[in-house]
Amino acid sequence: MKDKDDYLYSPASRTSRVLSRLRRLPTRLRQLMLRRRILSLILFVVLCCTIVANSGVRLLPRMPWASSKFVIILAVNQGGGVMEWKGPTEWAVERTSIANKRAYADRHGYDLAIQDMSIKKRYAHEWRESWEKVDVIRQTMKQYPKAEWFWWLDLHTYIMEPSISLEKQVFNRLENNTYRNLEDYNPLKLPVEIPFVDNTHPINLIVPQDCGGFNLGSFLIRRSEWTDFLLDIWWDPVFYEQRHMQWEHKEQDALEHMYSNQAWLRSGTAFIPQRLINAFPEGACSEWRGDKRIFYNQDERDFVVNMAGCEWGRDCFGEMEHFRKISASLQKKSWWWPFK
Amino acid sequence: MHFSIPSRSADQTTLPGSPSFKAKSRASSYHGFYSLSFFIRLRSLIFDLVTSAQSATAPEKKRQSARRRLVLLTLTLFAAVMVFVTIMYLLFANITTSDPAGHHVVLVLGLDSKNYKEDYLGRIVENRREYADAQKYGLYVRNISDFKDMVHDAAKPGWYKLPLMRSAMRDNPGSTYFWYLDQNAIIMNPNLNIESHITETKRLNSLALRDIPVVPPDSNIRTYRHVPADRMKFIISQDHEGFQTGSFILKNGEYSRYVLDAWFDKLYQEYKFQKDEKSALEHLAQWHPTVLSKMAVIPQRIFNAYPNGVGDSTYQDGDFVASLAGCNTPERSCVREFERLWDNRGRVVN
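Residue numbers (this note's numbering), protein chains in the order written: chain A, 1 to 340; chain B, 341 to 690.
These aren't lab readings, by the way, just hints derived from the structure by calculation.
Warning: the hint list may mix true and false statements.
[As the list claims (entries may be wrong)] Reference excerpt, derived from the structure (chain B facing chain A, CB under 8 Å, subset only):
id, residue
1, S375
2, F378
3, F379
4, A494
5, R506
6, R510
7, E594
8, Y598
9, L607
10, Y608
11, Q614
12, P629
13, L632
14, K634
[Stated by the list, open to error] What follows is a list of derived Cβ distance ranges for each label pair:
id, chain 1, residue 1, chain 2, residue 2, range
15, B, D570, A, L188, 40 to 48 Å
16, A, G87, B, P629, 35 to 43 Å
17, A, M83, B, D511, 47 to 55 Å
18, B, D570, A, L39, 38 to 46 Å
C-beta: ideal position from N, C-alpha, C; glycine also.
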């Protein structure tokens, strides 16, 4: 039986007992943290990491063992707002595109390299002014030394089927998915046969053809000695001086020229049917409406849509939203999906 | 034989800062062939084996040591197999996949039967044939009119050598070196062997002129200083004006096909360079480091000496090749100069 005087606060009722325990809680917590210093430090670090990780900011530098065989190069900020004003719709389109690619890359473990393509306005005809794609690819290859294949994507593209991996779409049956010559489909009427071509050469560049020639809005390039040569010879002052007035699409036209003239380049290039990685919306290639090889087909669940040329005369924001909604509705699984 | 990887037991704390700690909070997909969790489990297995001896009781000790011996035996066997495989690979990896029937070196000759007489051309071919037979090299002779439709301007004779070389490389896939020697040149000393005289690595290293201007006398771009000779795939010489394309050696491979095709591009042929393919090559070498980095520029006297030249490039007795380049101008006469040299040429010493 204890005396009343032994207690500072006499525990008169249950409420006051609970209240006193609550009051002691901060001190208890502090004592516990002091006693288990290391553990609490670890927990604090983990808490910070979780917050940072969920906010999307990259905390640690990319670890070498975590690098992937595939890198997606996303070309953003085309023009950089130098020649045209970049308004809210342009920003929205950019956001949607980047989010789409990031979700895809995270899902399949690919690396995503977002490269800035703003115009650096220098003197007219200063060399390499218009061949930025080549320099960007070279730079990205340096940044990702372990990767083998690099998938270039323009900004105005949307991956409609994020569940399909690149291996499944292209690489598992590479010989079947690609064609090596222009016999069947030659929209630009390039020479079909040139001497000294080697058809057994490994494939280093996979390019789709659209209604007007090669389309470099979505293509694949492999790290190799052949690619080093290509990236070096792609821009040449003699070629540029003679042809830059005719070459509206710059590096695309240069590649078409070299493909027609240089056998080593033809040996390492393969074409892929456009709808596999570069389907067009109805607005692009409008003279070829109805052509089954070019346009996005929702029933067949084409992989990627490239809204090429939407910044000239069409509505990029509208098209991007349209395809985003289609993609979202296609990905929604109905309740009877497991039983299909 | 099976040993189980122990699951994480209660007394095995996950040490703070270990990879397993971070692995818990990371997404589940793994990128590499061996995931991190595999290494963690392997590590804990080894850890377990190492520390088990100290904390085990007697019969457990016996079981533990038996298990440990078994594991050690497996590891040793595995290591032995790997060593064996490595040795076999090292021994047999040097078997070249080249066609054994192909010659190591192929001489390439293009004959201009439109502008030169048959007997002159016949003696040139005889000169090459004598050399090729003596050194057991291949000889690839074509009329340059075969390539008339490929060149842009048939009047410029310098461009024919490029599709000719390309054709030689296609028709001789097993050969390593291709030596183009102009029609207007004589091999004066057939006892010299291409490998020991030019292409052998140490010899090429000593011959290659480093840090010289690509276009004499003082172009900004110079040849590389530190590229090792075994990476050189294009051997050529320079005279006082620039590259002398009458005699050059290409090593079979991706690089040579690239250089020949890029050099022969239609836009270069149409550009009206001052010296046709020579200027085109100088342009390529200055603007494209992938071309220049594998080029070796060697002294002209090694395989392209001028009999009536000046300075270092003058032909002297015992030199390998005497070049009659530029002899089809009005002041000179190819046939006359040829006759003078033909009688003085060295013969094969057996």
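We went through each hint and held it up to the structure:
no., hint, in the structure
1, S375, "violated (10 Å)"
2, F378, "violated (12 Å)"
3, F379, "violated (10 Å)"
4, A494, "violated (17 Å)"
5, R506, "holds (5 Å)"
6, R510, "holds (6 Å)"
7, E594, "holds (6 Å)"
8, Y598, "holds (5 Å)"
9, L607, "holds (5 Å)"
10, Y608, "holds (6 Å)"
11, Q614, "violated (13 Å)"
12, P629, "holds (7 Å)"
13, L632, "violated (10 Å)"
14, K634, "violated (10 Å)"
15, D570(B) / L188(A): 40 to 48 Å, "holds (42 Å)"
16, G87(A) / P629(B): 35 to 43 Å, "holds (42 Å)"
17, M83(A) / D511(B): 47 to 55 Å, "holds (52 Å)"
18, D570(B) / L39(A): 38 to 46 Å, "violated (58 Å)"
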